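> Sequence:
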Amino acid sequence: MFFKTSNPAALAAWDQYLLDSQKLNEEARKLAEVLGGGGRAVFKTDVGGRRFYAMSFPGEERPFARELWTVQGKTTDWSCEPRRSRIPAHLRTLAKELADTWHDYRPVTSARTDALLSALGLDFSIALFGGLQWFRVGDVIYVSAGIKPAHDRMVEILSDEFYAAKKQAEASS
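If you read the sequence shown in this note's numbering, its first letter stands for residue 51, the second for the next number, and so on.
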């Protein structure tokens with residue numbers, strides 16, 4: 051099912067989500083700069099929002115020492131974070147320094163979608179009943195969802211209008 055809305059509360063919630071995402075990106079860039087080693091932040095995104103997950107480093111080199119980081123692998127989305135246990139005795143001072151740096155610079159902001167979902171008349175059960183796609187073109191938010199939103203906060207539209215708007219959004223980004 052396809053929907054659209056120009057509800058001011060939904061637009062404000064969308065703007066807040068984007069601001070929180072930008073702040074999260076800035077915090078992650080700061081952590082990457084402080085750690086060095088060419089690392090990049092890895093984020094987790096789901097129906098609840100977007101949050102920092104871990105760091106990913108190219109190659110085998112790691113800041114401080116390789117032994118102080120968890121293993122990057124498929125199960126961790128090729129990301130790693132500082133070890134909390136089984137630290138070699140000769141690296142404990144360095145591990146403390148890494149832990150302090152991680153604690154001080156790890157992104158704490160998360161871009162939550164609670165207000166946006168509420169403004170759109172949706173809730174977290176949307177994850178159970180099919181996918182959720184959304185994007186914004188100007189002052190209109192377009193949504194593709196597996197369930198009908200509550201409270202008639204959005205207008206149901208045809209798929210043609212949704213996909214035409216999606217093409218427009220992709221072309222402008």
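It is worth saying that the hints were derived from the structure and are not from the lab.
Wrong hints could be hidden among the right ones.
[To be verified] Now the in silico label distances, taken between C-beta atoms and shown as ranges:
id	residue 1	residue 2	range
1	G98	A200	49 to 57 Å
2	K146	V205	41 to 49 Å
3	D173	L144	40 to 48 Å
4	D173	E76	55 to 63 Å
5	A219	K94	30 to 38 Å
6	E110	I207	44 to 52 Å
7	D173	E110	25 to 33 Å
8	G196	A62	24 to 32 Å
9	T126	A219	26 to 34 Å
10	H140	A219	17 to 25 Å
11	T125	A62	36 to 44 Å
12	G196	L144	25 to 33 Å
13	G123	R79	20 to 28 Å
14	V205	L144	13 to 21 Å
[What the hints assert, rightly or not] Think about it this way: if two alpha-carbon atoms lie no more than 27 Å apart in a straight line, the pair counts; the simulated DSSO-like pairs of lysine-lysine are:
id	residue 1	residue 2
15	K54	K217
16	K198	K146
17	K217	K198
18	K54	K198
19	K94	K73
20	K124	K80
21	K198	K73
22	K54	K216
23	K80	K146
24	K94	K80
25	K124	K216
26	K216	K198
27	K94	K217
28	K80	K54
A quick note: this is a predicted structure, and the numbers were derived from the prediction, not measured.
Even glycine gets a Cβ: it sits at the ideal position worked out from N, Cα and C.
> Next step is simple, just say for each hint if it's right about the structure.
Here is what the structure says about each hint:
Between G98 and A200 the CB atoms are about 18 Å apart, so this pair departs from the stated range of 49 to 57 Å. Taking 41 to 49 Å as the suggested C-beta distance range, the pair K146 and V205 does not conform, at roughly 57 Å. Take D173 and L144: their Cβ atoms lie about 46 Å apart, and the range 40 to 48 Å holds. For the hinted restraint 55 to 63 Å between D173 and E76, the CB-CB distance of approximately 30 Å leaves it violated.
A hinted range of 30 to 38 Å for the beta carbons of A219 and K94 is inconsistent with their spacing of about 23 Å. Checked against the hint of 44 to 52 Å, the pair E110 and I207 passes, with Cβ atoms roughly 51 Å apart. The beta-carbon spacing between D173 and E110, approximately 44 Å, falls outside the hinted interval of 25 to 33 Å. At roughly 25 Å, the beta-carbon separation of G196 and A62 lies within the given 24 to 32 Å, and the hint holds.
Between T126 and A219 the Cβ separation comes to about 32 Å, which falls inside the hinted range of 26 to 34 Å. A hinted range of 17 to 25 Å is violated for the C-beta pair H140 and A219, which are about 54 Å apart. Checked against the hint of 36 to 44 Å, the pair T125 and A62 passes, with Cβ atoms roughly 38 Å apart. The hinted range of 25 to 33 Å is not satisfied by G196 and L144, whose Cβ atoms lie roughly 49 Å apart.
Between G123 and R79 the beta carbons are some 24 Å apart, a value that agrees with the proposed interval 20 to 28 Å. In this structure the supplied range 13 to 21 Å is violated for V205 paired with L144, their Cβ-Cβ distance being about 58 Å. Taking the CA atoms of K54 and K217, the gap is near 15 Å; set against the 27 Å cutoff, the hint holds. For the hint linking K198 to K146, the alpha-carbon distance of about 51 Å lies beyond 27 Å, and the restraint is violated.
Simply put, K217 and K198 have alpha-carbon atoms about 23 Å apart, close enough for the 27 Å limit, and the pair holds. This hinted pair checks out: K54 and K198 have alpha carbons roughly 12 Å apart, not beyond 27 Å. Proximity of K94 to K73 is assessed by CA-CA distance (about 15 Å); at most 27 Å being required, the pair is judged to hold. A hinted pair counts as satisfied when its Cα atoms are at most 27 Å apart, and K124 with K80 qualifies at roughly 25 Å.
Only pairs whose Cα atoms come within 27 Å are accepted, and K198 paired with K73 is rejected, the gap being roughly 32 Å. Restraint check for K54 and K216: the C-alpha separation of about 12 Å stays at or below 27 Å, so the hint holds. Only pairs whose Cα atoms come within 27 Å are accepted, and K80 paired with K146 is accepted, the gap being roughly 20 Å. Of the pairs offered as hints, the one joining K94 and K80 holds, with about 18 Å between alpha carbons and a cut-off of 27 Å not exceeded.
For the hint pairing K124 with K216, the CA-to-CA distance comes to about 32 Å; that exceeds 27 Å, so the pair is violated. Among the hinted pairs, K216 with K198 is consistent with the structure: their alpha-carbon atoms are about 20 Å apart, no more than 27 Å. This hinted pair checks out: K94 and K217 have alpha carbons roughly 26 Å apart, not beyond 27 Å. Straight-line distance between C-alpha atoms of K80 and K54 comes to about 36 Å, which puts the hinted pair past the 27 Å bound.
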